[in-house]
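This is what each chain is made of:
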Amino acid sequence: MSWVEAVFVLLALVAVGSALLAVTTRNMVHAALWLVVTLGAVAAVYLVLAAEFVAWVQVLIYVGAVVVLLLFALMLTKAPTGPQADIDVRRVVPAAVVALLVAALLGVTVVAGFRDQRIDLDHAVVGSAETTGATVFKMWVLPFEVLSVLLLAALVGAIVLSRLRAAGEGLDGPDQRSGPGREVR
Amino acid sequence: MPLWWPLLLASLLFAIGVYGVLARRNAVLVLMGVELMLNAVNINFVAFDAHLRDVLHAGQTFTLFVIVIAAAEVGLALAIVLLVFRTHGNIDVDRLRELSDRDEQGVR
Numbered sequence: 001m002s003w004v005e006a007v008f009v010l011l012a013l014v015a016v017g018s019a020l021l022a023v024t025t026r027n028m029v030h031a032a033l034w035l036v037v038t039l040g041a042v043a044a045v046y047l048v049l050a051a052e053f054v055a056w057v058q059v060l061i062y063v064g065a066v067v068v069l070l071l072f073a074l075m076l077t078k079a080p081t082g083p084q085a086d087i088d089v090r091r092v093v094p095a096a097v098v099a100l101l102v103a104a105l106l107g108v109t110v111v112a113g114f115r116d117q118r119i120d121l122d123h124a125v126v127g128s129a130e131t132t133g134a135t136v137f138k139m140w141v142l143p144f145e146v147l148s149v150l151l152l153a154a155l156v157g158a159i160v161l162s163r164l165r166a167a168g169e170g171l172d173g174p175d176q177r178s179g180p181g182r183e184v185r
Numbered sequence: 001m002p003l004w005w006p007l008l009l010a011s012l013l014f015a016i017g018v019y020g021v022l023a024r025r026n027a028v029l030v031l032m033g034v035e036l037m038l039n040a041v042n043i044n045f046v047a048f049d050a051h052l053r054d055v056l057h058a059g060q061t062f063t064l065f066v067i068v069i070a071a072a073e074v075g076l077a078l079a080i081v082l083l084v085f086r087t088h089g090n091i092d093v094d095r096l097r098e099l100s101d102r103d104e105q106g107v108r
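Protein chains in written order, with my numbering: chain A, 1 to 185; chain B, 1 to 108.
If you are wondering where the hints come from, they were derived from the structure by calculation, not from laboratory data.
Keep in mind that a hint or two might mislead.
[Stated by the list, open to error] Some chain A residues near chain B, calculated using beta-carbon distances under 10 angstroms:
{"#": "1", "residue": "V42"}
{"#": "2", "residue": "I87"}
{"#": "3", "residue": "A103"}
{"#": "4", "residue": "A124"}
[Said to hold, decoys possible] Between beta-carbon pairs, the in silico distance windows are:
{"#": "5", "chain 1": "A", "residue 1": "A112", "chain 2": "B", "residue 2": "R86", "range": "48 to 58 angstroms"}
{"#": "6", "chain 1": "B", "residue 1": "V93", "chain 2": "A", "residue 2": "N27", "range": "13 to 23 angstroms"}
{"#": "7", "chain 1": "A", "residue 1": "V160", "chain 2": "B", "residue 2": "R95", "range": "21 to 31 angstroms"}
{"#": "8", "chain 1": "A", "residue 1": "A104", "chain 2": "B", "residue 2": "R53", "range": "23 to 33 angstroms"}
{"#": "9", "chain 1": "A", "residue 1": "D120", "chain 2": "B", "residue 2": "D92", "range": "47 to 57 angstroms"}
{"#": "10", "chain 1": "A", "residue 1": "N27", "chain 2": "B", "residue 2": "L52", "range": "34 to 44 angstroms"}
{"#": "11", "chain 1": "B", "residue 1": "I69", "chain 2": "A", "residue 2": "M75", "range": "20 to 30 angstroms"}
{"#": "12", "chain 1": "B", "residue 1": "R95", "chain 2": "A", "residue 2": "V111", "range": "35 to 45 angstroms"}
Everything numeric in this text was worked out from a predicted model, so none of it was measured.
Positions of the beta carbon are idealized from the N, C-alpha and C atoms, including for glycine.
Turn these sequences into a full structure, and let the hints steer you where they fit.
Here is the structure:
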């Protein structure tokens with residue numbers, strides 16, 4: 001086993017272990033922090049697999065933006081910081097069985113299908129910023145532009161959604177919006 | 001490196017994400033499971049990009065696209081979660097059942 005493979009195995013163990021902790025810990029903020037460890041390990045896996053630019057984008061967007069957004073959401077929804085007894089659904093066992101079946105099915109399939117193939121990392125083209133930039137702006141320009149429009153639409157949608165309540169209360173009172181809320185409580 | 005190593009890692013992460021989506025009650029924690037599943041798919045893309053030595057780097061480019069879509073998805077989903085919290089007072093996915101089609105004496 002070469003040192004690249006050893007590093008990959010260690011990173012995979014870190015990623016799987018911290019992901020398991022992220023979905024099983026009883027503390028919501030700890031779940032977000034374990035997710036940081038998982039995403040960082042996945043970024044390092046990208047580095048091992050010669051995808052340099054993707055790794056840094058992963059660190060910037062996932063660890064930098066997405067997890068911070070998740071933490072903000074946890075705090076804005078007044079998530080308790082201590083351990084929670086009722087953080088999981090009551091029937092956890094079926095969920096675990098389904099997850100195990102998914103793992104077994106996918107794992108057996110990929111191992112059986114690609115058992116004798118190898119990744120030649122010594123001759124792989126490293127996806128540096130130059131390579132990735134040239135590829136995106138030479139070959140994938142149209143999807144790139146469509147994606148920027150999608151991102152803009154998501155931004156506008158998020159702003160509209162978060163301003164909904166203020167507009168509703170200012171114009172026609174809270175009665176329209178509290179209808180479903182009353183039934184739940 | 002054998003090709004199935006990163007693929008097996010991706011399968012395990014995907015299954016863990018499935019468990020997170022199914023077992024968590026807090027909507028934000030469900031979103032974390034979705035993020036894990038998206039990351040598993042990205043590992044597959046990058047692994048096959050390295051394996052096939054694609055001159056177009058389609059795998060890495062698609063990974064970038066998926067990351068962008070995941071960021072957009074998280075932004076929108078968190079706006080929805082905050083709206084649900086403001087109208088209902090909680091984001092417990094077990095208790096958000098206005099749209100459910102079952103009788104009131106059913107599972108509760």
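Hint check, failures only: none
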